[in-house]
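**Q** Keeping their order, the protein sequence lines are chains L and R.
If you're matching positions, the first sequence starts at 0 in numbering that gives the first Met the number 0 and goes up one per residue.
If you're matching positions, the second sequence starts at 0 in numbering that gives the first Met the number 0 and goes up one per residue.
There's no promise every hint is true.
[As the list claims (entries may be wrong)] Examples of chain L residues lying across from chain R (beta carbon under 7 Å, computed):
#1 Asp23
#2 Val24
#3 Thr25
#4 Thr28
#5 Ser31
#6 Tyr37
#7 Ser40
#8 Leu43
[What the hints assert, rightly or not] Label-pair restraints from in silico Cβ distances:
#9 L/Arg3 / R/Ala99: 27 to 35 Å
#10 R/Leu53 / L/Gln27: 34 to 42 Å
#11 R/Cys34 / L/Ala21: 49 to 57 Å
No lab work stands behind these hints, which were simulated from the structure alone.
Nothing here was measured: the structure is a model prediction, and the numbers come from that model.
Virtual Cβ for every residue (Gly too), placed ideally from N, Cα, C.
Residues per chain, in single letters:
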Amino acid sequence: MENRIAALRKERRISQAELADAVDVTRQTIISLESGRYNASLLLAHRIAAYFGLTIEDVFLFEEESKC
Amino acid sequence: MLVNLLNGPDYNRSLRRRLWLGAALLLIGLAGFACWFLVVPGSGLDDHARGFYLGAATGVTLGAVILLARAAWLLTHPAARKRAQIEDTDEREVHITRTAAQFAGLFTFVVTVALLFWAVAAPLPAFKLLFGLMLCYGLSFVFARAYLSKKL
Numbered sequence: 000m001e002n003r004i005a006a007l008r009k010e011r012r013i014s015q016a017e018l019a020d021a022v023d024v025t026r027q028t029i030i031s032l033e034s035g036r037y038n039a040s041l042l043l044a045h046r047i048a049a050y051f052g053l054t055i056e057d058v059f060l061f062e063e064e065s066k067c
Numbered sequence: 000m001l002v003n004l005l006n007g008p009d010y011n012r013s014l015r016r017r018l019w020l021g022a023a024l025l026l027i028g029l030a031g032f033a034c035w036f037l038v039v040p041g042s043g044l045d046d047h048a049r050g051f052y053l054g055a056a057t058g059v060t061l062g063a064v065i066l067l068a069r070a071a072w073l074l075t076h077p078a079a080r081k082r083a084q085i086e087d088t089d090e091r092e093v094h095i096t097r098t099a100a101q102f103a104g105l106f107t108f109v110v111t112v113a114l115l116f117w118a119v120a121a122p123l124p125a126f127k128l129l130f131g132l133m134l135c136y137g138l139s140f141v142f143a144r145a146y147l148s149k150k151l
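Let the sequences and hints guide you as you build the complete structure.
**A** Written as structure tokens, this is what we have:
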């Protein structure tokens, strides 16, 4: 699952630490989310989207895996 | 369940539970020291057994003191409590801890199975111990799965 967290954060000039504080996670979690190493839970995705004033779909790009 | 008790959504409540847990552990540690001073000297136990009891009592007591001190300090320092809450409840950290515990459990199970093949030729108590460990793992897995299937 890809996301636009880094782009949205840079667009609004918000640091990783500020975003982490706002959504109650560690800065390392924001780093992992931005690099795609970790997928957020629905609850965290909702908190991040709400922080940016967007919907979850605007921030997180779901890609259904190809079915064989 | 234990993790939720000590790391629930109400962090202040979780800290107060940790205080109770710390107090209980402190009692166990002190009871261990009492046994070491009162019972162990006349028990005829080997040196390594005496060392184990003393080490266990020291470890439990120290752990309890650290748990109590940290919980008490966090309850009275809001800024530190906020930082600790984020670190303790961060979903990535929780995910990492659970995955590591899952791996450790599976690894221990595989190692125990491998050791059982060796233990059939070893003294019977060693075989019984390993078999008991496997049984404990299997039963706790079955019961935990049944509980979670009903709960979730």
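**Q** If a hint holds in the structure, say so; if it does not, say that too.
**A** Verification of the hints:
1. Interface hint at L/Asp23: satisfied, since its Cβ lies 6 Å from the closest Cβ of chain R, which is below the 7 Å cut-off.
2. For L/Val24, the suggested interface contact is upheld, since its CB lies about 5 Å from the closest CB of chain R, less than 7 Å.
3. Checking L/Thr25 against chain R by beta carbon gives a least distance of about 5 Å; that is within 7 Å, so the hint holds.
4. A distance limit of 7 Å between C-beta atoms decides the matter here; for L/Thr28 the minimum to chain R is near 4 Å, and the interface restraint holds.
5. At a threshold of 7 Å, the smallest CB-CB gap from L/Ser31 to chain R is about 6 Å, leaving the interface hint in force.
6. Because the smallest distance between the Cβ of L/Tyr37 and any Cβ of chain R comes to about 5 Å, under 7 Å, the interface hint for this residue holds.
7. Restraint check, L/Ser40 versus chain R: the minimum CB separation of about 5 Å is within 7 Å; hint holds.
8. For L/Leu43, the interface hint holds, the least distance from its beta-carbon to any beta-carbon of chain R being 6 Å, beneath 7 Å.
9. Judged by the Cβ atoms, the range 27 to 35 Å given for L/Arg3 and R/Ala99 holds: they are separated by roughly 30 Å.
10. In this structure, R/Leu53 and L/Gln27 meet the distance hint of 34 to 42 Å, their C-beta atoms being roughly 39 Å apart.
11. Against the hinted window of 49 to 57 Å, the Cβ-Cβ separation of R/Cys34 and L/Ala21 comes to about 51 Å, which satisfies the hint.
When held up to the earlier numbered hints, the structure conflicts with none and fits them all.
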